[in-house]
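The opening position of the sequence shown corresponds to residue 1 in my numbering, with each subsequent residue numbered one higher.
Rather than coming from a laboratory, the hints here were simulated on the basis of the structure. We put the CB at the ideal spot given by N, CA and C, even for glycine. Misleading hints may appear alongside valid ones.
Pairwise CB distance ranges (calculated) [unchecked claim]:
| id | residue 1 | residue 2 | range |
| --- | --- | --- | --- |
| 1 | Ala42 | Ser67 | 14 to 22 Å |
| 2 | Ser19 | Ser67 | 16 to 24 Å |
| 3 | Ala41 | Ala1 | 16 to 24 Å |
| 4 | Gly12 | Glu46 | 12 to 20 Å |
| 5 | Glu46 | Asp69 | 38 to 46 Å |
| 6 | Arg75 | Ala23 | 37 to 45 Å |
| 7 | Glu49 | Arg22 | 18 to 26 Å |
| 8 | Met6 | Gln61 | 12 to 20 Å |
| 9 | Gly62 | Ala41 | 36 to 44 Å |
| 10 | Arg20 | Glu46 | 41 to 49 Å |
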Amino acid sequence: AEGLRMRGEIRGHKLLAGSRGRAPAEVDALADLLVRVTQFAAANAEHLETIDLNPVVTLAQGEGLFSLDAVVIPREQ
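Using the sequences and the hints given, assemble the complete structure.
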């Protein structure tokens, strides 16, 4: 539920419902990704400066998603 709420905070979230003839995006997978990345960041907060997944490409429902680039910057100890 939290992941689904968070997707509404994504810039361009209205495109996830489908636009210009495209099928709706895989929003369940996106919600799962948001929750898992948030849980990972919280569990490792003392070791992480930042996590950036950009862009995340959502495919049609049932087809999943992927990130084209991911940057994880550790916190200096």
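### Task
Enumerate the violated hints, using their earlier numbering and listing them in ascending order.
Hints 4, 5, 7 and 9 contradicted; others consistent.
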